[in-house]
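Quick mapping for you: the protein sequence lines, in order, are chains S and P. So for the first sequence, my numbering puts the first residue at 23; every next one is plus one. So for the second sequence, my numbering puts the first residue at 4; every next one is plus one.
Derived by calculation from the structure, the hints in this document are not laboratory data.
List of simulated lysine-lysine pairs, DSSO-like, C-alpha gap at most 30 Å:
1. P:Lys-68 with S:Lys-523
2. S:Lys-419 with S:Lys-523
3. S:Lys-446 with S:Lys-419
4. P:Lys-235 with P:Lys-68
5. P:Lys-87 with S:Lys-523
6. P:Lys-68 with P:Lys-87
7. P:Lys-68 with S:Lys-210
8. S:Lys-81 with S:Lys-108
9. S:Lys-523 with S:Lys-446
Among chain P residues calculated to face chain S with C-beta under 7 Å, some are:
10. Pro-63
11. Glu-96
12. Phe-126
13. Asp-127
Even for Gly, the Cβ is constructed at its ideal location relative to N, Cα and C.
Residues per chain are reported as follows:
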Amino acid sequence: MDLNDLIALADRERADRAPVELGVCLAASCQYSGAEQICRSLSETVVAGGLAGRVRVRKVGCLRLCSEGPLVRAEGEGTPPVLYRKVTAEQAPAIARAAGGAPADGVATADLNAPFFSMQRSIVLENTGRVEPERIESAIAAGAYRSLSLALHEMSPEAVVDEITRSGLRGRGGAGYPTGLKWATVAKMPPGQKYVVCNADEGDPGAFMDRSVLESDPHRVIEGMAIAAFAVGADQGFIYVRGEYPLAIERLDTAIRQARRLGLIGSDIFESPFDFRVDLRIGAGAFVCGEETALLQSIEGRRGQPRPRPPYPAESGLWGCPTLINNVETFANVPAIIREGADWFAGIGTQGSKGTKVFALAGKVRNTGLVEVPMGMTLRAIVESIGGGPPEGSTIKAVQTGGPSGGCIPSDLFDTPVEYEALKALGSIMGSGGMIVMDQHDDMVALARYFMGFCMDESCGKCVPCRSGTVQLYRMLDRIERGVAAPEELERLEALCDMVKHASLCGLGQAAPNPVLSTLRFFRHEYEAKLIGKNGEGTHSPIAR
Amino acid sequence: MAVTTLRLNGAMISAREGQTILEAAREAGTRIPTLCHLDGVSPVGACRLCLVEVNGRLMPSCVTKAAEEMDVRTDTEQLREYRKMIVELLFAERNHVCSVCVADGHCELQNLAEELGVDHIRFDYLAPECGVDLSHDRYGQDDNRCILCTRCVRVCDEVEGAHTWDVAGRGARSRVITDLDRPWGESSTCTSCGKCVMACPTGALFHRGASVAENVHDRAMLRFLITAREEKRWTV
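Here chain S stands alone, though its shape is the one from the complex (with noise of 0.2 Å):
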């Protein structure tokens, strides 16, 4: 296939596109309450109605509110696109048969004008929810592997590596290290066999935003790798991604093979001397296979432990071979940037952030979902404007971002902007995205000793301060939780955090007391109110139970 192959199949495909088309989400969560029967059941009202010629249905990604899910987009010419919630199964006739005009009756829907939408900022989302990620036709009529094609014709590897890193990109795996850097460190290896590891093994409790990239818009990921792997002149990729996402295993298979089909990827691509192929390998549950080093130990089928770096991936990482790995997101946002350009991205966000952030916002605010914003928004916005802030009866009191590895920040430091550097001097981090909300029932003793449980569970065992700190550290938490901790205890706590932040030999054991130390940082009334009191006598009394 060559480039204007690819533009008359997306025109041939653009051409094809009905009247009104019905969007239906079949991510995760939407298809797990119900929406496969809601896309049956419009189907079979078109084809019944004889709507055939004029409305089709299309089963795509998220569409972002996932509280309100199943999910219902109706596009129709000259008429504003509406976005069912909430449907049933019932009410499905009643949206086929309205598509093209007002409204169906008595189906809710959403404001697309809302701040909740309105707000957002699509880079790395720009075609969830509006390709069918199923089809590799419908993706490559939004635009996929243009960039691919753009990269491999009209630049050079260097100034692809140059292109992303002016862009300013930054990794969105958490720990926010320079991408353009980590791509020019192996591109500047001798040649040789390379490899590009995609690293979607997304664990944190709370998180969804790699899910939903890989469920609604999988050509997405496989473009940003081929980009990358033409880049630091790799010819094979590898996706590991978790084997609790059976169906974005699924969808990346189909588009493995689809692309594969059509030659984008594989050998000559683009007849071009350039080859590239991609394999997918699933994780069997271990949250360290998060962490890149234990990530390579799994694809090679070893057990999934992290080693000391350096030396780094980029240097010696599969097979001893130097290795690029990212995460979803970061390559999410590569196909973008050659189509665009470095300075263009580079205008988007802060000083030291640059682009958008995808977050799974969850918790306690009306609207939970998908949301991608701005870097450089304050917490206020995301969380009282697009999130709709506290449902009825609930005052807002902090957000944990970073999952187990990340902190709370408190609601009266709710105008800090995300960005890594703010989060981080908060003693939080911007980590792969999940964004919980609480309010004022959540004990954060409770959270810190859930997290610190978490990581106790997953720790692999290889290093004393991990794998036998954070069981003490989980003990400790525990009774001061139940009210049975002297005070010295605190002291304690802090002590052994302080040891297991410094010495663990992973990113996972070094960041397992963070939930910690950022709760007793603002929180820390909560700790010492739940102490046995001087005299024997505390709120929390053992003596009192």
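Following the hints, put chain P in place on chain S, whose structure we already have.
Frame of chain S; chain P shown alone:
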């Protein structure tokens, strides 16, 4: 051969290219506590006792190569405290009762506790129920004493070439196992060479029939084998 110079606790020392901080420090006569490290097998940086401060950052000296401009501190107050805590965590993790242990007096964990001044344990004794495997006719395995240093795994794989040992489970539930978690005596890969017993720092692997304090690890034998193979030198 290229040589680098670096600062070790304030004094300038030299190191050959490729040498780790640990090796360079040992040559310079500075002791850094280690536990999972074993001369002759690959380092893993797991026990974290050999952490040193390099230009203000903590790095495991067993896997960090010495380099020009490094300012290494091996014995700061912070490091002493961390090491003490790590040893305490190990004592709390399983059932280390020296007075009835076959390795009493010949135990690296015990020696380290003494060296670091561990006189009590500030953490909860977890007292897990661990098994003892006496199915092998010459050796025994007591999980109560295991500190998961993986010396046995590495020595069996890298020196003997049998790879009988490996680690099963995760986190605090990790254990060393033989073959696919079969009793040691039924292992079809074990050559009964005993290198794992020589390598074990504690009383977790022992010669059957050894009583309290009778299990002496033969580290010199391992050293002899390794120099013989690597350097074709049959004297240590």
